[in-house]
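Q: Given the coordinates of chain V, work out where chain X with the ligand should sit on it, guided by the hints.
One line per chain: the protein sequences are V and X, in this order.
Counted from 1, the first sequence has number 129 at position 129 by the numbering used here; the numbering is strictly sequential.
Counted from 1, the second sequence has number 258 at position 258 by the numbering used here; the numbering is strictly sequential.
Read the hints as simulated data drawn from the structure, not as lab findings.
Honestly, I wouldn't trust all of these hints.
Calculated cross-link-like contacts (lysine-lysine; reagent style BS3-like; alpha-carbon spacing at most 27 Å) [unchecked claim]: (1) X/LYS28 / V/LYS240; (2) X/LYS28 / X/LYS58; (3) V/LYS240 / V/LYS45; (4) X/LYS265 / X/LYS25; (5) X/LYS232 / V/LYS119; (6) X/LYS232 / X/LYS28; (7) X/LYS232 / X/LYS251; (8) X/LYS232 / X/LYS47; (9) V/LYS240 / X/LYS232.
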Amino acid sequence: MPLEFEKPIEELESKIAELEGFAASSGVDLSDEIRGLRERLARLKSETFANLSRWERVQIARAPGRPTTLDVIAQLMTDFVELSGDRTFGEDAAVVGGLARFEGSTVVVVGHQKGRDTKENIRRNFAMPHPEGYRKAMRLMDMADRFGRPFIAFIDTPGAYPGISAEERGQAWVIAQSIQRMARLRVPAVAVVLGEGGSGGALAIGVGNRVLIMENAWYSVISPESCAAILWRDAREAAKAAEALKLTAPDLLALGVVDRVIPEPDGGAHRNPQAALANLKQALSETLAELGALSPEALLEDRYRRFRGLGQFLEG
Amino acid sequence: MALERLFRRRRAQGEARDIPELWAKCPKCDAQIYKKDLEHNLYVCPKCSHHLRMPASKRIEMLADPGSFEETTRLRPTDPLGFVDTEPYPKRLERYQREAGRPDAIVGGRCTIGGVPSILLVMDYAFAGGSMGSVVGEEITRGIEQAAQEERAVVIVAVSGGARMQEAALSLMQMAKTTLALDRLWARRLPYVSILTDPTTGGVTASFAALADVIFAEPGALIGFAGPRVIKQTIRQELPEGFQRAEFLLKHGMVDQVVDRRRLKAQVAQVLGLLHPARVRL
Ligand SMILES: [Zn+2]
Numbered sequence: 001m002p003l004e005f006e007k008p009i010e011e012l013e014s015k016i017a018e019l020e021g022f023a024a025s026s027g028v029d030l031s032d033e034i035r036g037l038r039e040r041l042a043r044l045k046s047e048t049f050a051n052l053s054r055w056e057r058v059q060i061a062r063a064p065g066r067p068t069t070l071d072v073i074a075q076l077m078t079d080f081v082e083l084s085g086d087r088t089f090g091e092d093a094a095v096v097g098g099l100a101r102f103e104g105s106t107v108v109v110v111g112h113q114k115g116r117d118t119k120e121n122i123r124r125n126f127a128m129p130h131p132e133g134y135r136k137a138m139r140l141m142d143m144a145d146r147f148g149r150p151f152i153a154f155i156d157t158p159g160a161y162p163g164i165s166a167e168e169r170g171q172a173w174v175i176a177q178s179i180q181r182m183a184r185l186r187v188p189a190v191a192v193v194l195g196e197g198g199s200g201g202a203l204a205i206g207v208g209n210r211v212l213i214m215e216n217a218w219y220s221v222i223s224p225e226s227c228a229a230i231l232w233r234d235a236r237e238a239a240k241a242a243e244a245l246k247l248t249a250p251d252l253l254a255l256g257v258v259d260r261v262i263p264e265p266d267g268g269a270h271r272n273p274q275a276a277l278a279n280l281k282q283a284l285s286e287t288l289a290e291l292g293a294l295s296p297e298a299l300l301e302d303r304y305r306r307f308r309g310l311g312q313f314l315e316g
Numbered sequence: 001m002a003l004e005r006l007f008r009r010r011r012a013q014g015e016a017r018d019i020p021e022l023w024a025k026c027p028k029c030d031a032q033i034y035k036k037d038l039e040h041n042l043y044v045c046p047k048c049s050h051h052l053r054m055p056a057s058k059r060i061e062m063l064a065d066p067g068s069f070e071e072t073t074r075l076r077p078t079d080p081l082g083f084v085d086t087e088p089y090p091k092r093l094e095r096y097q098r099e100a101g102r103p104d105a106i107v108g109g110r111c112t113i114g115g116v117p118s119i120l121l122v123m124d125y126a127f128a129g130g131s132m133g134s135v136v137g138e139e140i141t142r143g144i145e146q147a148a149q150e151e152r153a154v155v156i157v158a159v160s161g162g163a164r165m166q167e168a169a170l171s172l173m174q175m176a177k178t179t180l181a182l183d184r185l186w187a188r189r190l191p192y193v194s195i196l197t198d199p200t201t202g203g204v205t206a207s208f209a210a211l212a213d214v215i216f217a218e219p220g221a222l223i224g225f226a227g228p229r230v231i232k233q234t235i236r237q238e239l240p241e242g243f244q245r246a247e248f249l250l251k252h253g254m255v256d257q258v259v260d261r262r263r264l265k266a267q268v269a270q271v272l273g274l275l276h277p278a279r280v281r282l
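For reference, chain V alone in the conformation it holds in the complex (with noise of 0.2 Å):
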């Protein structure tokens, strides 16, 4: 299914290749007229693809097709050996991690979950963990520094679990602890916003030293929907609610929320993942490079200091 937007562009496509496998078929000449599309079928993508809105930009983050945490482990790690459970209440399949090889070297990963088809999300209640999952999350914080290995959190969430079980497990408590736990990690810790970064669900896994952010990735406080139903009394006003939010990686990187973004192909992420994943692999190396190099206090120090700075307001 393609988004609103890509609509068009779809079309074009299909006409092109129509009349590719018209000519082919018949031996009539149209190679003019299929240049003709193919100049206007670029044109249209560059106009398109270079004046997405946030609203746009929210539903590539949430597109089928889009590399999710598995994928990119799959992608871009060997050795992949999930853990599961938070030893204490249950097994969320919400949240995922374990132990996997990053370009040779032993790394610790966690992230956010989201299924490739409806029946996988309903079993990953769709990436909404409860506390388990945190909890989960933070045993693997601990083996992480047990072991002296970097961790990787991916975050792709549209936010923690609202329900009864979860509030009654302490949903709150333990997304508080989650950030607490990350920010005491003494070895090196990354968290790359992937999909959707919805409020403290992604956050708890959201501590790292460094941020980054893939190019069509949202991370804010509140969905586009759910501002625009308190905001605006209408989630149908979930495109205003983005433009206002300035939730895209862009704004990010200018808010000095996220400290890189991470290109993706033209349209996003679902319509080439093998060359979103080649530069997220780049980004990974390199930043996983520079904090290699700090001690654990300076790591603690770094990642103190990289949060104390974040907002602004006017001294009184």
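A: Chain X with the ligand only, in chain V's frame:
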């Protein structure tokens, strides 16, 4: 009662605006309470013990030793995103400032509590529902850092609808900033008591408010991560009686005690006395 009705009518007609309402009504048992009495009783209904919302300034009077409070909060909010919804954020800020009589949703400073040198930080629901933006996050962070430098305990009274939407990602980052600051306090063995009052939800609960050495909650206070309305919309069923109330959180192991406001000062002072380095041995 008749007097109250008289005042109400006058106010409704736009006259005698400066005459204060003398009576308040308990939202739980409907009792009419003389406002002076209510204030005297720390905004707890004398009939049914329902805890009404208490103004931030009264919180300070209640918790700080008399004459010891010296305000240090002084930051003013700005509009980092140029946020406009149905009206521009600066316009909203002006209104909140007028309503609450302070620059943002927090007031705090140095004081002693039961003789223990402390930093007391009180959120103010009257300002934008106690929402946390850059100013609240920075004041709390500075308060904690100052406590660490001056060997003071920290007491924070939380009341908040959550993070402030109009500062978006910067509001979210205040959760991390305040949480990181707490480690400065812990390294010096200085106690931190968090008091959760009605309501404490969202990013405030999910950061500094949940990470205290000792957490007290006021009776009946709504406390949680997601608001009840959001939960109801998500699960499409009615919420159980008492869900997300202080007593529910006690039962589920999230807070240390539910404390009646009239005992709160004594209880906080006792904890600080037991844990503050200068008081650990008497
Ligand atoms: Zn009452």
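Q: Let me make sure I understand: some of the numbered hints might not hold for this structure. Which ones are they, in numerical order?
A: When the structure is compared with the hints, numbers 1 and 8 turn out to be violated.
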